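Model the full structure from these sequences, guided by the hints.
Top line first, the protein sequences correspond to chains C and W. Residues in the first sequence are numbered consecutively from 1, following full-length UniProt numbering. Residues in the second sequence are numbered consecutively from 1, following full-length UniProt numbering.
The set of hints was computed from the structure by calculation and includes no laboratory data. Hints are not guaranteed to be accurate.
Stated by the list, open to error - Sample of chain W residues facing chain C (criterion: CB under 8 Å; computed from the structure): (1) 118; (2) 131; (3) 135.
Stated by the list, open to error - Here are a few chain C residues that face chain W, going by a calculated C-beta distance under 10 Å: (4) 110; (5) 127; (6) 142.
Since this is a predicted model, take the numbers as computed values, not measurements. Here a beta-carbon is modelled for each residue, glycine too, at the ideal position from N, C-alpha and C.
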Amino acid sequence: MSEPTAETKSVMTLPREEVVSPLTGEPIVQYQGVTKTFGDLEVIKGIDLALYPGEKMALIGPSGSGKTTLGRMLMTLEEPTTGTILIDGEPLWQMKTSSGKLVRANEKHLRRMRQKIGMVFQHFNLFPHLSVLRNVTLAPMSVLGLSKEEAYQRAVEMLTKVGLQDKLGEYPSRLSGGQKQRVAIARALVMQPKVMVFDEVTSALDPELVGEVLEVIKEIAIDSDMAMMLITHEMDFARDIADRVIFGAEGRIVEQGSPEAIFEQPESERLQSFLKRFR
Amino acid sequence: MWNWSYAAEILPTLLNALLVTIGATLAGFVLASILGILIALGRRSRFAVLRLGLQGIVNFIRSTPLLVQLFFLYYSLPMILPISLSAFTTGVIGLGLHYATYLSEVYRSGIDAVPKGQWEAATALDLSPVRTWFSIILPQAVPPIIPIMGNYLIVILKETPTLSAITLVELLLTAKNTASVSYRVFEPYTITGILFLVISLLLSFGMARLEKRLNRRHTA
Ligand SMILES: Nc1ncnc2c1ncn2[C@@H]1O[C@H](COP(=O)(O)OP(=O)(O)OP(=O)(O)O)[C@@H](O)[C@H]1O
Ligand SMILES: [Mg+2]
Chain C
1 MSEPTAETKS VMTLPREEVV SPLTGEPIVQ YQGVTKTFGD LEVIKGIDLA LYPGEKMALI
61 GPSGSGKTTL GRMLMTLEEP TTGTILIDGE PLWQMKTSSG KLVRANEKHL RRMRQKIGMV
121 FQHFNLFPHL SVLRNVTLAP MSVLGLSKEE AYQRAVEMLT KVGLQDKLGE YPSRLSGGQK
181 QRVAIARALV MQPKVMVFDE VTSALDPELV GEVLEVIKEI AIDSDMAMML ITHEMDFARD
241 IADRVIFGAE GRIVEQGSPE AIFEQPESER LQSFLKRFR
Chain W
1 MWNWSYAAEI LPTLLNALLV TIGATLAGFV LASILGILIA LGRRSRFAVL RLGLQGIVNF
61 IRSTPLLVQL FFLYYSLPMI LPISLSAFTT GVIGLGLHYA TYLSEVYRSG IDAVPKGQWE
121 AATALDLSPV RTWFSIILPQ AVPPIIPIMG NYLIVILKET PTLSAITLVE LLLTAKNTAS
181 VSYRVFEPYT ITGILFLVIS LLLSFGMARL EKRLNRRHTA
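In structure tokens, the structure reads:
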């Protein structure tokens, strides 16, 4: 792959037919009546939502609507207050005891389940004391038990994918924001999750660096069968790569549909006024 | 007043005693560093019994004088347990325990300063708790606190004369013994003071170098 261009434009020219869109079989992720309360504040007010294997789902909505919280509950960074999240049909936050009773998940259950999920954060969260290569090889070696050589091979493959094969020995502090985020993407990809949550991965970037990161994500979206949950404020990007767009506000799903439906024929007034801000 | 030949005569004896002082300092510091980390980790455990138990022990140790703890370990403990430790070992354990309670707070401040995002990235990568602590959190928590740890190292050095109370013949007690034999008080105590100063400076210097090296790697 060549170095991603810094142009956002090319993201918009992807023909829709090229996007793999199976949407068949059992959902890989299911939110069932999920709510989340912080103190007195109910930020997720009953979400039912399914994500299918390979599906690229964009999550849009005003600030504070609960998009990040939704993704964090899937990544096991936040526990739902009520409701169930299923991954491959298995509860994420509960586990069965030997007598068949459902109880709160322990760390062991969470560790097994979260192997299927990956996340890229708004603020990268790279490990600053480790080189780019070590950032990417640490988890495959320690969690998947890969040998140093195997992990190295996979890491180089992923770093090549994001155009950073020449930065292996560099430390994060010496990288640009866009490069940091691309390392973070490689670091998450190398674990080969079935679902990846991208939480506004370009909103901490200088505008001129946004393009290179979106470009990388677009390429991954095209050639991987990983399901993606893309939380984003980049409407053109969402329209370009998503199979389905979810519009949420105040902890509820207000409207969902194909990018065409959501962006060309928004039904709710809420969505219409939300989209106006991006015109 | 100052007699050079007498100073030269007692210097080897004092230098020998200095080795005991340095040994107790370093061993006490290493023990305090290890116990301090264990206490800091234990106080973040999800088991309330462990957390509260450690809290109690820490409060107890901090609110009693080191001297009392040393007396207890050296004189009282052998009466209830079938153990008898040398003055040196007892002194090291006493210093280690006592300063572990202070160093645990230092570690805690270092750990708290690691951004929440580092924990979250570790979770997202499914790293084990042990791996998260040793590969992600502590390597970032420790370098910034090296200077404070260094201060405690010097504090421990200066605290070693307390060990003379449990018969450990360290530098100051040796000076005192020397003085009481010769009735010359000027040289032994002056040399003792200078030796403490020199060792303090050397330890500070060593810690500064360590800090530099760790921080260089950190931000390289
Ligand atoms: N740990 C927390 N404690 C208390 N309140 C929180 C916490 N995390 C999120 N919130 C609140 O929950 C609400 C939803 O937050 P969330 O970050 O999920 O929204 P968002 O849709 O991602 O917004 P944005 O577009 O600004 O990123 C906000 O009002 C936020 O202040
Ligand atoms: Mg958010």
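Does the CB of residue 135 of chain W sit less than 8 Å away from some CB of chain C? holds, 6 Å
A closest beta-carbon separation below 8 Å is what the hint needs, so does residue 131 of chain W meet it against chain C? holds, 5 Å
Do the numbers back the hint for residue 142 of chain C, that is, is its least Cβ distance to chain W under 10 Å? Holds - the Cβ of residue 142 of chain C comes within 10 Å of chain W, reaching about 5 Å at its closest.
Report holds or violated for the interface hint on residue 118 of chain W, using the least CB-CB distance to chain C and a cut-off of 8 Å. holds, 6 Å
So, residue 127 of chain C near chain W? Judge it on the closest CB pair being under 10 Å. This hint holds: residue 127 of chain C lies near chain W, its Cβ roughly 6 Å from the closest one there, short of 10 Å.
Was the hint right that residue 110 of chain C lines chain W, CB cutoff 10 Å? holds, 9 Å
The structure is consistent with each of the numbered hints, conforming to all of them.
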